[in-house]
Amino acid sequence: MTDGQTNSFFLDDEEIPFEEGQTIIQAALTAGKYIPHLCYHPEFKPHGSCKLCTVRIDSRTITTEDGQSVKIPGRAAASCTTPAVAGQHVESETPELLDLRRTLVQMLLVEGNHYCPSCEKSGKCLLQGLAYDLGVMDPHFPQYFSKREVDASHPDILLDFNRCILCELCVRASAEMDKKNVFSLSGRGATKHLICNSESGRLGDTNLAATDKAANVCPVGVILHKRHGFEVPYGQRRFDKAPISADPVQYAPVKEKVR
Amino acid sequence: MRIANANGDGQDCGRVIDAVLSRHQRDATRLMQILREIQEELDWLSPQTLTAIAEGLKLPRAKVEGVAGFYHFFHSEPKGRYRVLWSDNITDRMLGNADLMARMCKKLWLRPGEVSEDQLVSVDTTSCTGMCDQGPAMLVNYRPLTRMTPERVDKVVDLIRHKVPLDEWPAEYFVVEDNIRRKDALLGNDLAPGDALRAMRGPAEMLEAIKASGLRGRGGAGFSTGQKWEFCRNAVGTGAHGAHYVVCNADEGEPGTFKDRVLLSAHADLVFEGMTVAAYVIGAKKGLVYLRGEYRYLLDKLNAVLEKRRADKLLGKSILGQTGFDFDIEVHLGAGAYICGEETALLESLEGHRGVPRKRPPFPVTSGYLGQPTAVNNVETLASAALIAAKGAAWYKSIGTAKSSGTKVLSISGDCARPGIYEYPYGVTVSQVLADCGAIDTQACQIAGASGLCIAPGEFGRRIAFEDIPTGGSFMIFDNTRDMFEVARNFVHFFVDESCGFCTPCRVGTTLLKNVMDKIHDGHGGEYDIGDAQRVIKTLKTASHCGLGQTAGNCVADTLQKFRPSYELRLTVREFEPAFDLDKALSKMREVTGRDDPGAHFHIAHRKSKSGVGAKAGDVS
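Protein sequence lines, in the order shown, are assigned to chains A and B. If you count by my numbering, then the first sequence holds residues 1 to 259, one letter each, in order. If you count by my numbering, then the second sequence holds residues 1001 to 1621, one letter each, in order.
Errors might be hidden in some of the hints.
Claimed, not checked - Taking lysine to any residue and the SDA-like style, the derived pairs with C-alpha atoms no more than 20 Å apart in a straight line are: (1) B:Lys1584 / A:Pro142; (2) B:Lys1541 / A:Lys180; (3) A:Lys45 / B:Lys1538; (4) B:Lys1538 / A:Val110; (5) A:Lys71 / A:Thr94; (6) B:Lys1285 / B:Arg1296; (7) B:Lys1317 / B:Ala1243; (8) B:Lys1584 / A:Lys180; (9) B:Lys1058 / B:Arg1093; (10) B:Lys1313 / B:Pro1193; (11) A:Lys180 / B:Lys1313.
Said to hold, decoys possible - What follows is a set of in silico ranges between Cβ atoms, one per label pair, in the way DEER data are often shown: (12) B:Gln1119 / A:Asp240: 33 to 41 Å; (13) A:Ala86 / B:Thr1029: 34 to 42 Å; (14) B:Arg1111 / A:Glu19: 55 to 63 Å; (15) A:Cys116 / B:Thr1029: 38 to 46 Å.
To be verified - Short derived list, chain A residues pointing at chain B, Cβ under 8 Å: (16) Thr54; (17) Asp58; (18) Ala152; (19) Pro155; (20) Arg188; (21) Gly235; (22) Gln236.
Derived by calculation from the structure, the hints in this document are not laboratory data. What you are looking at is a predicted structure, and each value in this text was computed from that prediction instead of being measured. Virtual Cβ for every residue (Gly too), placed ideally from N, Cα, C.
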């Protein structure tokens, strides 16, 4: 399968070229093939927590003694952290994996408090966009109705923790790009939550600036800019125009405009 | 225990923090040890304390807060001068811990999890503390108390009320028995400290012997020890501080396991010797033991053994007078996190981070502690390696089965006459083990802990071996009087408490599974909920980041398959009923109005009789 010259693997039977060191999702997005994801962002080191990009690698079909074909599922792995290997067969758009992704989105929807109609991010929220694209019709599981706070202490930025999906993009952006370490995580398991780098715990007591990458990377509606809201009319919002999967290249490397 | 609370006094507090930071050379990788030692002095980690630690270590404050917030045994809010934690494994439950804890709370006028108004005491539960053969057990300020009885509870309450320092409590409360019931090659060894080291004839030869012995990891995964050491030995350290490390995984957190506690208590020399053998093979100068926080009481004893070994030239520079054979060992303590038994989470914790499993590859053998080649081995594996060094590979290989050489130490608890430690050659049948420990009318065995396998009597002919039932050593027995649904429910709650929360499926899925089990327990469950449980289990298995999440649903899947009647008994609704209980929601109003007549109640039976129509799926919502 490998000729030793060009590196490529197969994603749902389509040949995808890749460069040495690229992970499966990096190669796929570059080639214009969308794999759903939330915590992956091309500008940061992938860490593989949301698991939306889970794929199966190298499933096999064997013939049993009585002549029946049986499919042995390949290993499941997060495509954002799994290095691409020449010749491997990767499955992404299978009924099983689509169902898995719907379940994961539903899990996120019940864990936090996501009320789309009143959310500023509606129409450009990646969680919402992904839910629509995957055909998630309801959250299915009983809502947690978890009690989470809002932090309005910062002059320019509002934090609404109700919508946090713990993707850690703001944590990574602040540490890797802004070199400020404004955000971190505390607690664990079901009590895991985002914290701010100040003794009071308030964002207003940190050195976050509205122009920081961390203030502009949130895929959902947690980190919001004050005095801006609902500026784009319904029908013209990002995912009103095209679903999230329509243009992976546009999606993946997009840089949010700094206000 | 110190009685004055230094947190009230800023200067005093500052001195404590400074002393601890200096003791650790302000090394940020030692954050876990720093947090523990400061908390031991100050009772809790106040916001000011965390700020001071962050400044002293030049770390972002949120990072320090995040680490403190990850581990159960670190408190960023006051938990009282006496912090009582009842071990809440299923075996403790079976021995009556719930009644004892309720008794304690009642006598102290406390609710579980709350701190008394005078800030004196708090009472709560914690995951299995590894005292299953001598429960019900609890920890007071992280020191274990075993064999709790109503009388003992009353006495402890008195001691707390009178503010008696822990050191002055009756010593018999703190006695932890080894309970070794069956010895074989390992526990029955006649080696003196140094025997294994003196028998070694060069690193390459030693590696060959370990490979030839067929030794496989005793923590549960069963990876070939020789192969692991070979990968590690061949890997090259990177950077200015390039080095190889040996790490002993003594974070024995799997519910029902306590064999590492006994190995460290009765055979510490052999374990350290095994680490030294590993160091000799891979070329490490430093070894670390990651000891679970629940075993804090072993720390001084282990340090004394290490000191003795240094004096005897079995550790330190030029071991046994051999130039260039330098190796030393340090014991690090965990702080209440089951996930740190996963080797990469353990390494994160050793480096002073939150105990979140790393992504693999790279594996620890090439990039482990501080990014350097590291051999992470279980306590029992290392002790066995020392045995092989002393007695030879052929002898060891002759014990056990073809694919599983050597012996396995089992931790046996639950319904049997003689719980404790049993060592067998691999290949022993479950029924043999049950007969030896005096188990009768056995309904089920949970082997390899909460994440392991639940087997029914028809499978008791199966064998303990890598090729049949592999186990890290946990072996819990349930007789015919036990409710297997409650066993699974206890384990599901355990995983909620212990999930690190990194990945979506495990963070949310463990709670969803718990909610389903609680709903069924509360009498609102139907087939719909069983279907939901199965969907969550599948998601956990397929998509979780590490073994914890992947196996968290096993207990429900196994009991659903093998002990279905214990679920059926509780499935009161045919299809679906919401977990929300309308009648329960009205209880507040009944309390306010003082009414308790049928008209002040809402429940399905009542409604059914009124309307004459059976309640259908979902029609209450």
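Hint check results:
The suggested pairing of B:Lys1584 with A:Pro142 holds, with an alpha-carbon distance near 18 Å, which does not exceed 20 Å. Distance restraint check for B:Lys1541 and A:Lys180: the Cα-Cα separation of roughly 37 Å exceeds the 20 Å cut-off, and the hinted pair is therefore not satisfied. Distance hint between A:Lys45 and B:Lys1538 is unfulfilled; the C-alpha atoms sit about 28 Å from each other, more than 20 Å. In summary, the hint linking B:Lys1538 to A:Val110 is supported, as the alpha carbons are separated by about 18 Å, within the 20 Å threshold.
Taking the CA atoms of A:Lys71 and A:Thr94, the gap is about 13 Å. The hint holds against a cut of 20 Å. For the suggested pair B:Lys1285 and B:Arg1296, the alpha carbons sit about 25 Å apart, so the restraint of at most 20 Å is broken. A hinted pair counts as satisfied when its Cα atoms are at most 20 Å apart, and B:Lys1317 with B:Ala1243 qualifies at roughly 16 Å. Distance restraint check for B:Lys1584 and A:Lys180: the Cα-Cα separation of roughly 49 Å exceeds the 20 Å cut-off, and the hinted pair is therefore not satisfied.
Among the hinted pairs, B:Lys1058 with B:Arg1093 is inconsistent with the structure: their alpha-carbon atoms are about 45 Å apart, more than 20 Å. About 11 Å separates the Cα atoms of B:Lys1313 and B:Pro1193, which keeps this hinted pair within 20 Å; it holds. Taken as a hint, the A:Lys180 and B:Lys1313 pair is broken in the structure, with Cα atoms around 48 Å apart against an allowance of 20 Å. The hinted window of 33 to 41 Å between B:Gln1119 and A:Asp240 is violated, with their beta carbons roughly 56 Å apart.
At about 38 Å, the beta-carbon gap between A:Ala86 and B:Thr1029 stays in the expected band of 34 to 42 Å. Range check, B:Arg1111 to A:Glu19: Cβ separation about 59 Å, and the 55 to 63 Å hint holds. The given range of 38 to 46 Å is respected by A:Cys116 and B:Thr1029, whose C-beta atoms sit roughly 44 Å from each other. Taking 8 Å as the C-beta contact cut-off toward chain B, the hint placing A:Thr54 at the interface holds, the least distance being around 5 Å.
At a threshold of 8 Å, the smallest CB-CB gap from A:Asp58 to chain B is about 15 Å, leaving the interface hint violated. Among the interface hints, the one on A:Ala152 is violated; its C-beta lies about 19 Å from the nearest C-beta in chain B, farther than the 8 Å criterion. Below 8 Å, beta-carbon pairs count as interface contacts, and A:Pro155 has none with chain B, the closest being about 20 Å; its hint is therefore violated. Interface hint status for A:Arg188: upheld, as the beta-carbon distance to the closest one in chain B is roughly 5 Å, under 8 Å.
Restraint check, A:Gly235 versus chain B: the minimum CB separation of about 31 Å is more than 8 Å; hint violated. Interface restraint check for A:Gln236: the shortest CB-CB distance to chain B comes to about 31 Å, outside 8 Å, so the restraint is violated.
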